[in-house]
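Student: Based on these hints, arrange chain A on the given structure of chain Z.
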Amino acid sequence: MGEPATWLEEAARIERLLDEIRAVAGPVAWLRVEELVGSLLRLHGHGLEGLLGLALATGDPGLLDHIADHAPVSGLLALHGLHPMSAEDRVRRALEHMRPEMAQRGVDLELTEIAVDVVRFRARGEAIAAQAGLLRRSAAVAAEQVGSEIDRIEIDGVTAHGVSGEIHTGAAG
Amino acid sequence: MSRLGFLRRYLDDAGEPAECELCAGPLEHEHRHVVEVRARRILCACDPCALLFAGPSTRRFRTIPEHVRRETPFTAQEAWDALGLADGSFVLFGSGDQRWIAVEPCATGGAERVLDPVRWHAVWTRSELARAVASDVEALIVRRGRQVEAFAAPVDRCYGLTGAMRRRWHGEDGGADARAALETFFEALGRDSEPLPTHQEQEDRP
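Residue numbers (my numbering), protein chains in the order written: chain Z, 0 to 172; chain A, 126 to 331.
Please keep in mind that the hints were generated in silico from the structure rather than gathered at the bench.
Among the clues, some could well be false.
[Claimed, not checked] Among the chain Z residues that face chain A by a calculated CB cut under 8 Å, a handful are:
#1 L7
#2 A10
#3 E19
#4 G25
#5 L30
#6 V36
#7 L40
#8 A56
#9 P60
#10 D64
#11 I66
#12 L78
#13 R92
#14 A102
#15 E143
#16 S147
The beta carbon of each residue, even a glycine, is placed where N, CA and C say it ideally should be.
Same shape as in the complex, but just chain Z (with noise of 0.2 Å):
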């Protein structure tokens, strides 16, 4: 998907640092972090839900597609809840783009569910146990592409074939 590293290294850089700040600080100043960080993204998300308006007017038929494609501009637009493609099209779209690489090795996924708190795929084809890896990373992948906090991925065709069919990210809380 070709993320930029620097955006990813800035998301993971403010979880560590909320992390050490929420382990140190008091009650009250954990409060007023939590709503400074709230404010922070509220404040961007307005502008960003204005440029959105604006990119839309422009009418342009290729636009959602270089939304979604755009991996920083995709996670932000999904975490304020303003991504102009639904969830489910959005987890398709990311498959669409590993199929070639999991048809290769004799595999594919394809998405069944997503809940509030588990997202579900269902893994076809003849190397299924011996991909297991390739179809947990790549439902991981996928599965990013919800934009909320995802407890659990399933893939069913996994658990049939012995192998464990849940990931828990550990990531979520």
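Tutor: Coordinates of chain A only, in the frame set by chain Z:
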């Protein structure tokens, strides 16, 4: 999961995690809280973890009790007034840094103040309830009215009050909305409270 998903909780006003902050197990919407004593940090806890840290012997984590004890009338009202705290303030003993701290509601949340030891001592000697407040997990909070009452209240509820007042805060002193939040808080606290049993002091502190 998502690399930005961790930010979602700051946008929703939910603010509370979906899992126990001690064991990462599932967390009910209604759940207990545990204080990490040294950092004075309040953590959301599942029932098994809350039970685990409920004993007075645990040092690093202590479960916040649910019971509320009341002293009617508050026997240290004058000494309390001399502290000069705004309505809705509460006082707790942090055993991590071994001192009494007051938290005052304000427009930006809560302001922490270290209490003047002499003035606080005057409250402490005059009120049995003030002496009975459990370290770290309970706070003393005073309700003004026709009759002044004091409560030894769970600290999670007290911080909840601070948050509720902040969200409704207008102007210098909070205004009518913040005051209404305070009244609602005290009504619920009063309902849940029981009178302090006499001669049952829990801890001995200066």
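Student: Hint numbers the structure violates, sorted upward?
Tutor: When the structure is compared with the hints, numbers 3, 8, 9, 10, 11, 13 and 14 turn out to be violated.
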